[in-house]
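S.K.: Chains D and H are the protein sequences, given in the same order. For the record, in the first sequence the residue sitting at position 1 is 1 according to the UniProt record's numbering, with numbers rising by one throughout. For the record, in the second sequence the residue sitting at position 159 is 159 according to the UniProt record's numbering, with numbers rising by one throughout.
A couple of the hints might just be wrong.
Unchecked claim - Here are the simulated distance ranges between beta carbons:
| # | chain 1 | residue 1 | chain 2 | residue 2 | range |
| --- | --- | --- | --- | --- | --- |
| 1 | H | Q89 | D | P185 | 51 to 59 Å |
| 2 | D | N245 | H | D97 | 42 to 50 Å |
| 3 | D | L125 | H | E192 | 45 to 53 Å |
| 4 | D | D196 | H | N230 | 40 to 48 Å |
| 5 | H | E10 | D | N53 | 36 to 44 Å |
| 6 | D | E148 | H | R165 | 49 to 57 Å |
| 7 | H | T166 | D | E148 | 28 to 36 Å |
To be verified - DSBU-like cross-link-like pairs, simulated, lysine-lysine; straight-line CA separation at most 30 Å:
| # | chain 1 | residue 1 | chain 2 | residue 2 |
| --- | --- | --- | --- | --- |
| 8 | H | K85 | D | K107 |
| 9 | D | K159 | H | K236 |
| 10 | D | K198 | D | K107 |
| 11 | H | K244 | D | K144 |
| 12 | D | K3 | H | K85 |
| 13 | D | K159 | H | K85 |
| 14 | D | K221 | D | K159 |
| 15 | H | K238 | D | K85 |
| 16 | H | K154 | D | K244 |
| 17 | H | K207 | D | K198 |
| 18 | H | K198 | D | K244 |
| 19 | D | K197 | H | K42 |
| 20 | H | K3 | H | K131 |
| 21 | D | K36 | D | K238 |
| 22 | H | K216 | D | K198 |
| 23 | H | K126 | H | K107 |
| 24 | H | K107 | D | K85 |
| 25 | D | K189 | H | K236 |
| 26 | H | K126 | H | K100 |
| 27 | D | K189 | D | K227 |
| 28 | D | K159 | H | K3 |
| 29 | H | K131 | D | K159 |
| 30 | D | K197 | H | K126 |
| 31 | D | K238 | H | K227 |
| 32 | H | K220 | D | K154 |
| 33 | H | K154 | D | K154 |
| 34 | H | K198 | H | K126 |
| 35 | H | K198 | D | K159 |
| 36 | D | K238 | H | K236 |
| 37 | D | K244 | H | K236 |
| 38 | H | K126 | H | K85 |
In short, the hints are calculated from the structure, not lab data. These numbers come from a predicted model, not from an experiment. The C-beta atom is built at its ideal place from N, Cα and C for all residues, glycine as well.
Protein chains: 2
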Amino acid sequence: MLKGILLNSENYQPGLSIDCVIFGFHDNQLKVLLIKTPYENKWSLPGGFVPLNQDIDTAAVTVLNERTGMQGIFLRQFATFGRVKRNDQHFGNAVLDYFKIPEEAGKWFTQRFVTIGYYALVDFLKAVPQKGNNQEIIEWIDHKEVPELILDHKEILDKALDTLRTELNLMPVGYNLLPEKFTIPELQKLYETILDKKLDRRNFLRKITNIGILNKLDEKKSNVAHKAPNLYTFDKEKYEEVLKNGLNQGW
Amino acid sequence: MLKGILLNSENYQPGLSIDCVIFGFHDNQLKVLLIKTPYENKWSLPGGFVPLNQDIDTAAVTVLNERTGMQGIFLRQFATFGRVKRNDQHFGNAVLDYFKIPEEAGKWFTQRFVTIGYYALVDFLKAVPQKGNNQEIIEWIDHKEVPELILDHKEILDKALDTLRTELNLMPVGYNLLPEKFTIPELQKLYETILDKKLDRRNFLRKITNIGILNKLDEKKSNVAHKAPNLYTFDKEKYEEVLKNGLNQGW
DNA sequence: GTACATTGCGTCAAAATAACACACATGATA
DNA sequence: TATCATGTGTGTTATTTTGACGCAATGTAC
Numbered sequence: 001m002l003k004g005i006l007l008n009s010e011n012y013q014p015g016l017s018i019d020c021v022i023f024g025f026h027d028n029q030l031k032v033l034l035i036k037t038p039y040e041n042k043w044s045l046p047g048g049f050v051p052l053n054q055d056i057d058t059a060a061v062t063v064l065n066e067r068t069g070m071q072g073i074f075l076r077q078f079a080t081f082g083r084v085k086r087n088d089q090h091f092g093n094a095v096l097d098y099f100k101i102p103e104e105a106g107k108w109f110t111q112r113f114v115t116i117g118y119y120a121l122v123d124f125l126k127a128v129p130q131k132g133n134n135q136e137i138i139e140w141i142d143h144k145e146v147p148e149l150i151l152d153h154k155e156i157l158d159k160a161l162d163t164l165r166t167e168l169n170l171m172p173v174g175y176n177l178l179p180e181k182f183t184i185p186e187l188q189k190l191y192e193t194i195l196d197k198k199l200d201r202r203n204f205l206r207k208i209t210n211i212g213i214l215n216k217l218d219e220k221k222s223n224v225a226h227k228a229p230n231l232y233t234f235d236k237e238k239y240e241e242v243l244k245n246g247l248n249q250g251w
Numbered sequence: 001m002l003k004g005i006l007l008n009s010e011n012y013q014p015g016l017s018i019d020c021v022i023f024g025f026h027d028n029q030l031k032v033l034l035i036k037t038p039y040e041n042k043w044s045l046p047g048g049f050v051p052l053n054q055d056i057d058t059a060a061v062t063v064l065n066e067r068t069g070m071q072g073i074f075l076r077q078f079a080t081f082g083r084v085k086r087n088d089q090h091f092g093n094a095v096l097d098y099f100k101i102p103e104e105a106g107k108w109f110t111q112r113f114v115t116i117g118y119y120a121l122v123d124f125l126k127a128v129p130q131k132g133n134n135q136e137i138i139e140w141i142d143h144k145e146v147p148e149l150i151l152d153h154k155e156i157l158d159k160a161l162d163t164l165r166t167e168l169n170l171m172p173v174g175y176n177l178l179p180e181k182f183t184i185p186e187l188q189k190l191y192e193t194i195l196d197k198k199l200d201r202r203n204f205l206r207k208i209t210n211i212g213i214l215n216k217l218d219e220k221k222s223n224v225a226h227k228a229p230n231l232y233t234f235d236k237e238k239y240e241e242v243l244k245n246g247l248n249q250g251w
């Protein structure tokens, strides 16, 4: 696929790429969808390029659909990275070598690149990680155990998480990361994981329910150790409303 | 200047530009620095291009320095705009016509452009708006009276203001927009203007002083109608600290 | 002086927050 | 079967923060 782009580079916006930080939540861990490329022995964020006839947001959605097989995902642009030295001659050449593309033909790829960062929140269980080609490995990796990444992808990932952490104070999070039915303790773990901070159980319940985006179901989680916790769903309508209007207005 | 770039386009990142929303505050109004170009009868945001050997942040700083004659300005990237149709063939051709550049040589300029938006906060009285060339008009315009802008610049401006409004809940603002000595009512007007909302005088004083970033001076504003208000400065050190750590943590 | 607008400081009730106590359910263990 | 450990649901309390005010002080205009 990348090879196809390289050979038809005139159809793509030059020097511009998209990188997606795709977050999922599972086993009380925040996971990131990463790709191990065959070109180099390092991991990378799933990314892509911008067709000349496509909006950048659409290009990001495309990357996401291709990689997770999912539609209607929560996706947000958070920053654009454009240090001169973020490009790494070594990486570019490794890719060209791999595809056996001569230097001249690969010039489009080894030019300076600026990349637009998007982060996505997806339901771990519904996403089906898709390889770009057979040599690739695509995997959910705990955000605390992310290995070395190519180029400045670690910086991009960190910035994404930082943004998410900030946005937690401005908007509700969870609808996109949790299964349809979930428990308050699960939601709390999600918050704790993102914030990297312990929260008081009882105060969390009060605050989260006061937002008014939760529906308490007449149903308890089954097959669990200890007392069975209640199940909840999000009230989609109110959730969207709070998403739009924001949480703590501050002033 | 633009002509120089057009004739040396191989030294610039293709299809990528920088646009700056430069905010100032004066007469209790939030002002935006706008440019009326000679190419078209419309206003635009001050912008520029990205030299191949310059970081995008540096390119943004350059635009700002050139336009305000100021150093060390508060500058923040807030979003990147890349709809396909944000480019407007009409505008590109108008510019080429103006410079009498033949279509072929101007191809670099009429290609699809993606633009990175930065917003800046500057001290209105210290900034000295600088023309790019003699045909240009550069002016501070009240944000409530912004005329029609080229391309999607209105959208960019709106997004910048929206971002600033949100960030008001996360960080202190004022150090960059007010003169060194200022009064609480002035600071309040700034907040009210940005938020487009009236605040209670007495509650504002309490909240703003509780943040701990203000130094009350033993000095009152002179030559004013009515009771002379006290003068304050920002405690730079604490201000920076709050800027870094954020305001209302929420969780 | 008086009228008027604006500033500085203070009050008070309501709401939000932080810290904590206790009872309940369930699987594991004795 | 009784007890324990662990995580859950609900409630209480003191403290802090917020929102909505009152009022005196200070300056200009007349």
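S.K.: Please go over all the hints and tell whether each is borne out by the structure.
M.R.: Hint check results:
no. : hint                             : in the structure
1   : Q89(H) with P185(D): 51 to 59 Å  : 56 Å, holds
2   : N245(D) with D97(H): 42 to 50 Å  : 46 Å, holds
3   : L125(D) with E192(H): 45 to 53 Å : 47 Å, holds
4   : D196(D) with N230(H): 40 to 48 Å : 41 Å, holds
5   : E10(H) with N53(D): 36 to 44 Å   : 25 Å, violated
6   : E148(D) with R165(H): 49 to 57 Å : 39 Å, violated
7   : T166(H) with E148(D): 28 to 36 Å : 34 Å, holds
8   : K85(H) with K107(D)              : 27 Å, holds
9   : K159(D) with K236(H)             : 26 Å, holds
10  : K198(D) with K107(D)             : 50 Å, violated
11  : K244(H) with K144(D)             : 23 Å, holds
12  : K3(D) with K85(H)                : 28 Å, holds
13  : K159(D) with K85(H)              : 29 Å, holds
14  : K221(D) with K159(D)             : 35 Å, violated
15  : K238(H) with K85(D)              : 33 Å, violated
16  : K154(H) with K244(D)             : 21 Å, holds
17  : K207(H) with K198(D)             : 27 Å, holds
18  : K198(H) with K244(D)             : 22 Å, holds
19  : K197(D) with K42(H)              : 51 Å, violated
20  : K3(H) with K131(H)               : 15 Å, holds
21  : K36(D) with K238(D)              : 39 Å, violated
22  : K216(H) with K198(D)             : 37 Å, violated
23  : K126(H) with K107(H)             : 39 Å, violated
24  : K107(H) with K85(D)              : 27 Å, holds
25  : K189(D) with K236(H)             : 37 Å, violated
26  : K126(H) with K100(H)             : 37 Å, violated
27  : K189(D) with K227(D)             : 17 Å, holds
28  : K159(D) with K3(H)               : 37 Å, violated
29  : K131(H) with K159(D)             : 36 Å, violated
30  : K197(D) with K126(H)             : 43 Å, violated
31  : K238(D) with K227(H)             : 47 Å, violated
32  : K220(H) with K154(D)             : 51 Å, violated
33  : K154(H) with K154(D)             : 34 Å, violated
34  : K198(H) with K126(H)             : 28 Å, holds
35  : K198(H) with K159(D)             : 34 Å, violated
36  : K238(D) with K236(H)             : 41 Å, violated
37  : K244(D) with K236(H)             : 34 Å, violated
38  : K126(H) with K85(H)              : 37 Å, violated
Of the numbered hints given earlier, the model fails hints 5, 6, 10, 14, 15, 19, 21, 22, 23, 25, 26, 28, 29, 30, 31, 32, 33, 35, 36, 37 and 38; all others are met.
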